[in-house]
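Q: Please build the complex by placing chain S on the supplied structure of chain P, with the hints as guidance.
Chains as they are written, first to last, in this note's numbering: chain P, 1 to 174; chain S, 175 to 330.
The set of hints was computed from the structure by calculation and includes no laboratory data. It is possible that part of the hints are untrue.
[As the list claims (entries may be wrong)] Keeping only pairs whose Cα atoms sit at most 20 Å apart, straight-line, the calculated SDA-like set for lysine to any residue is: (1) P:K101 - S:V234; (2) P:K36 - S:G262; (3) S:K214 - P:V29; (4) S:K214 - P:P32; (5) S:K272 - P:P30; (6) P:K99 - S:V219; (7) P:K101 - S:A230; (8) P:K36 - S:F256; (9) P:K36 - S:F264; (10) P:K99 - S:D235; (11) P:K36 - S:Q259; (12) P:K99 - S:Q239; (13) P:K99 - S:N229; (14) S:K272 - P:V29; (15) P:K99 - S:E231; (16) S:K214 - P:R27; (17) P:K101 - S:D235; (18) P:K36 - S:D263; (19) P:K36 - S:I254; (20) P:K101 - P:D50; (21) P:K99 - S:R237; (22) S:K214 - P:P26; (23) P:K36 - S:D255; (24) P:K101 - S:E231; (25) P:K99 - S:E242.
[Said to hold, decoys possible] If you want the ones that stay clear, here's a sample from chain P, every Cβ over 10 Å from chain S, calculated: (26) A16; (27) L42; (28) P49; (29) G60; (30) K61; (31) R87; (32) T88; (33) P158; (34) Q173.
[Claimed, not checked] Negatives, chain P to chain S, calculated, CB over 12 Å: (35) K51; (36) S54; (37) V117; (38) Y150.
It should be emphasised that the depicted structure is a prediction, and the values quoted were computed from it without experimental measurement. Cβ atoms here follow ideal geometry from the backbone N, Cα and C, with glycine treated the same way.
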Amino acid sequence: MTRFLVPLAIFIVLVAFLAVGLGLNPREVPSPLINKPAPAFLLPQLHQPDKTFSQQDMKGKVWLLNVWASWCVSCREEHPLLVELARTNVVPVYGLNYKDKPEDALAWLRQFGDPYVLSITDRDGRVGIDYGVYGVPETFVIDKQGAVRYKQIGPVTPAALKDKILPLVKELQS
Amino acid sequence: MKLLALIALILFACAAAADDAVPTGADPVTNKRAVQLGEKLRCLVCQNQSIEESNAELAVDLRRQIREMIAQGRSDANIIDFMVQRYGDFVLYQPPFKAATLLLWFGPVLLFAAGLAVLAYNVRRRRAQRDEQPLTAAQQKQAERLLAAGSERERQ
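Just chain P, same shape as in the assembly (with noise of 0.2 Å):
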């Protein structure tokens, strides 16, 4: 009897472990950045390029940083919600404008609505290199320390803002 059960439970091991990795998202790499200092960045203004902004700025406060593009077709995706989060005034929400020209980046907010208190321009990419950027949209959950709490790896779905990020919020924020 032996014989047959220990072949088997050796394959349900198996297919147990594959049936996990199935499930599991290749593209979501786990960010080095939590629990670290958001990386430094002095970057202009997106409507007001002669003035700056630098993650110093905001020393004291929880804020979400979105990065967001004017190409980045995800970004539409999850527009909608930004706009709404905005208009709780729970948590102010900054964008870092990644690889776009200024005025692509001026007229997509104006069609679809600007969230943000303001947002910066990273026209090469840098300071998204920094912050491991490697697929728009991600956002950031930064806290009053200045520290990376959490990474939203794409778009910010009703679940995730709902289950993740408003609790997190909430809990940093007192």
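A: Showing chain S alone in chain P's frame:
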């Protein structure tokens, strides 16, 4: 002649395409280092290609980043660290050796050892089955009788 022209055309097209891939304005040593580094790093956009192979925009940016860092006189280890800090161990084609990757490094050895153990166990069990107790006198006699009867029947 037409065929020859066609072949020439194709070759020229390839040469032209190859021209695109040649990185601009760098000495051969820097180039070689940049290429070697790029081959060690995985492109996160198209995950089965290295930064050197991929044409994704991120890979292009990271190739530029590598070249700039080489120009700044940074060491290879330093450049690799830079990438790992931003994109995690996942960018490395060769995973680092640490607690979280012990199973990855020793898993194959463990599986092989387990296989050897099963094999050894089975071989020993079979040998034990074969080396049975010697026959008792009565059994010996019975066996001889049976064999004798068998050979007699063969003779007939």
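Q: For every hint, state whether the structure bears it out.
A: Hints, verified against the model:
{"no.": "1", "hint": "P:K101 - S:V234", "result": "holds (18 Å)"}
{"no.": "2", "hint": "P:K36 - S:G262", "result": "holds (13 Å)"}
{"no.": "3", "hint": "S:K214 - P:V29", "result": "holds (18 Å)"}
{"no.": "4", "hint": "S:K214 - P:P32", "result": "holds (19 Å)"}
{"no.": "5", "hint": "S:K272 - P:P30", "result": "holds (17 Å)"}
{"no.": "6", "hint": "P:K99 - S:V219", "result": "holds (15 Å)"}
{"no.": "7", "hint": "P:K101 - S:A230", "result": "holds (18 Å)"}
{"no.": "8", "hint": "P:K36 - S:F256", "result": "holds (15 Å)"}
{"no.": "9", "hint": "P:K36 - S:F264", "result": "holds (18 Å)"}
{"no.": "10", "hint": "P:K99 - S:D235", "result": "holds (11 Å)"}
{"no.": "11", "hint": "P:K36 - S:Q259", "result": "holds (10 Å)"}
{"no.": "12", "hint": "P:K99 - S:Q239", "result": "holds (15 Å)"}
{"no.": "13", "hint": "P:K99 - S:N229", "result": "holds (16 Å)"}
{"no.": "14", "hint": "S:K272 - P:V29", "result": "holds (18 Å)"}
{"no.": "15", "hint": "P:K99 - S:E231", "result": "holds (10 Å)"}
{"no.": "16", "hint": "S:K214 - P:R27", "result": "holds (19 Å)"}
{"no.": "17", "hint": "P:K101 - S:D235", "result": "holds (17 Å)"}
{"no.": "18", "hint": "P:K36 - S:D263", "result": "holds (16 Å)"}
{"no.": "19", "hint": "P:K36 - S:I254", "result": "holds (19 Å)"}
{"no.": "20", "hint": "P:K101 - P:D50", "result": "holds (16 Å)"}
{"no.": "21", "hint": "P:K99 - S:R237", "result": "holds (16 Å)"}
{"no.": "22", "hint": "S:K214 - P:P26", "result": "holds (19 Å)"}
{"no.": "23", "hint": "P:K36 - S:D255", "result": "holds (15 Å)"}
{"no.": "24", "hint": "P:K101 - S:E231", "result": "holds (15 Å)"}
{"no.": "25", "hint": "P:K99 - S:E242", "result": "holds (19 Å)"}
{"no.": "26", "hint": "A16", "result": "holds (16 Å)"}
{"no.": "27", "hint": "L42", "result": "holds (18 Å)"}
{"no.": "28", "hint": "P49", "result": "holds (22 Å)"}
{"no.": "29", "hint": "G60", "result": "holds (25 Å)"}
{"no.": "30", "hint": "K61", "result": "holds (24 Å)"}
{"no.": "31", "hint": "R87", "result": "holds (33 Å)"}
{"no.": "32", "hint": "T88", "result": "holds (32 Å)"}
{"no.": "33", "hint": "P158", "result": "holds (26 Å)"}
{"no.": "34", "hint": "Q173", "result": "holds (28 Å)"}
{"no.": "35", "hint": "K51", "result": "holds (26 Å)"}
{"no.": "36", "hint": "S54", "result": "holds (19 Å)"}
{"no.": "37", "hint": "V117", "result": "holds (25 Å)"}
{"no.": "38", "hint": "Y150", "result": "holds (15 Å)"}
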